[in-house]
Amino acid sequence: MAQTPYTRKAPKGRGPTSAFDIPEKKLKGFDSYADLARWLSEEVENARDAASNRDALLDYWHRIYEQDRTRLTTNRPKPDGADLTSPLGAQYVDSLHARTMRTIFGVEPIWTVEGWQDSVQKAPIVEEFHQWTAEDERLQNYCDRSINNSWVDGVGILECFEETDIRPMKKTIWAQIETVPDELGQPRAVFNEKNEPKFVMEDGKYLEVPAPVDGQPMPMGVAQLDIDSYEPVRVGPGYEVIDHRDFWTLPGHARDKKHIWGYAKRFYRRYVYIKQKAEAGIYDPDACQGFGDENDRETTQEDSRIGLVIARQEGPTAEKELHEIAFLHNLDGTGERWWVATIHVAKRVLFRLVYDELGTETGLGRYVRFVPLPRKNSVDGFSVIGHKLITQIEEHTAIRNMRADRAALAASAPIKVQQNALYDPEENPFGAGSVIYCRDMNEVQQMDIADVPPSINVWAQEVLDGAERTMGMNDIATGVTATEDRTLGERQMQAGYSEVRMDLVIKRQQETMEELAQIRHAIWKRVLREQGEMGIPQRAMVGLEARGVDVALIQGGTMTADLLEGKFRFKPRGSVETADLNRLRSDFVQMMQALQGVFAMNPMAAASWQTPQAARAFNEQIVNLFRFPDRQAILGAGGQMAGQTQGMLADPMMQQLLAGAMGGGGLPQGGLEAAGGNPNGQPSSPQMAPEMAG
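Numbers in this note's numbering are just positions in the sequence shown, counted from 1, shifted up by 95.
Calculated from the structure, these hints are not laboratory results.
It should be emphasised that the depicted structure is a prediction, and the values quoted were computed from it without experimental measurement.
By construction, the Cβ of each residue, glycine as well, lies at the ideal position given by its N, Cα and C atoms.
Where hints are given, some of them may not hold.
With a Cα cut of at most 35 Å, we get these calculated DSBU-like pairs of lysine-lysine [as the list claims (entries may be wrong)]:
hint, residue 1, residue 2
1, K121, K370
2, K266, K370
3, K471, K120
4, K471, K666
5, K120, K372
6, K352, K372
7, K120, K300
8, K121, K360
9, K442, K353
10, K511, K123
11, K293, K266
12, K360, K442
13, K266, K372
14, K370, K360
15, K173, K511
16, K483, K666
17, K300, K372
Derived Cβ-Cβ restraints for the label pairs, each shown as a range [to be verified]:
hint, residue 1, residue 2, range
18, V693, E258, 48 to 54 Å
19, G652, E291, 51 to 57 Å
20, Q162, Q371, 41 to 47 Å
21, E606, A145, 22 to 28 Å
22, Q371, R678, 30 to 36 Å
23, H354, L302, 37 to 43 Å
24, Q371, Q281, 42 to 48 Å
25, T486, G428, 28 to 34 Å
26, E628, F713, 54 to 60 Å
27, V693, D598, 46 to 52 Å
28, W269, G387, 43 to 49 Å
Model the full structure from these sequences, guided by the hints.
Below, the structure is given as structure tokens:
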């Protein structure tokens, strides 16, 4: 159970601050905030030292992926020489990434929600809720970037946190005027030096009163006031994709996730922004005193490579290098819990220390890490480019440059001119239509240079075959025209076995998606508990109706925290069924063909498909698989669909058609009741949980 965080007492002469959730004197194991800042700074520096060679490797791997030139100052080609980069890295990374994104986000919903015990009835509502909120949050964009980084860097880091965007909005309120008793004891309004009435303030806000009722006398001591009301325009999870260069695990040598006790993230903020946060109580004002406004950000090697030059920043535009550390520690003597600290490593300054309730509640922290290719004795993974394909890529790069240089030399072979010959190439350059005068035909000759030998092409094909064996993806799987002719059976077997190997890699990404769903679920429960109910959009209501949920039982058509309470398991959609629409459609058609024989053999099985719920599920599957654009026209509302189906079943002509479809057996008595229907022609709504029925 989450414990109530401490509230730091404000020092004399200063208002309350929320920069620290635990008083300095109650720190366990540290003498002061400065002592804690020193320890955290040293741990970050140790982690950075352990990964000192990482930045150069990441820069090289991204050069290969971006098809940038890889010959630097130490190995530049000769003039007019080729500087080509192998496309193998980009080919395999993009194909893996495209398949992963299609599996995770190609079929709705993103997560299939399963409920346990009393939460079973809530599962469809929770599933639809997370689907439309993920779309509103543009979650796919953040996951897209993080997963793409995981193929090149070996790990993709996505931070998920609770975010509230506050914006000032003009608002007119009725406010209480401040009054004092006059000589007769009657209330008299108080005015300021500008002869304007003073209004009563409570906790820094105007005391708002109900608006006067039309036709009633105006109450005494109230007036209209135009104010800037700071209202939340967006609540819920927020996301940030973190570059691997700006992220470290603590300790830096951790070999397993259970060995990690903290995460450090580097970011930059303007000095003016830091002071504003200090005035608002988010950062400690004392820490900003004497902090300095010099600039900490400089142009790195990666910045130069992508053409980014950090402009000179001074004074109010100076950027400070800060680190945010989420760490698990027993700071208050009650046990280990997650904390979030903001520090300046170089100056050992602690700006903020707050209790991370989200990390303690979920046990997952705020960072999700996509690691598709796990690495031995490391929490990071193998890079597709830097570890799996680096030798094939460099070998293929050498072959491409060798072949390009030799082909260019053979296509424009140089000429040989005998020493002291009559021909002077500077006076009469060699070219089309030129006339060369010589005393002997042997004075000027073109060099005979053979074209690229066949062995080079064989060598190049061996490299491509090696990359295919390493990654388990053939040309067809990567969307490339095959270089070898094979039979249809061979290609089908190749595609099948390649699919098996790729499914394993994709499943690892889906495990991280499960963790992300748990974090999002915890954030939304907190938001709804604090902010109250939340309206459900029409598209989500249609989705609930398609599942057979009686949306009328959801009070007011709003989402509440009670509906999210329970035991749920979030399974990525692609982990329980294929993401290939063609295969799904083929399986659906084959199932319908097989059901014809089953219905003829067992009339009771046919009766189970003649209920409103079965008809609705059948229509939903058709709409989803064949991408029918107008869902509402087919699915309609739950009660409407049920009534129409019951009316059709009561029609004698429809019963004759059903009897013919079942081989003349007819509709058995009691079959509709056994399938969950109602023989009286009234639709049977699914039973909802008591908390959902109100």
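(message) Need the list of violated hint numbers for this structure, in ascending order.
(response) Going through the list in order, the structure violates hints 3, 10, 19, 22, 23, 25, 26 and 27 and respects the others.
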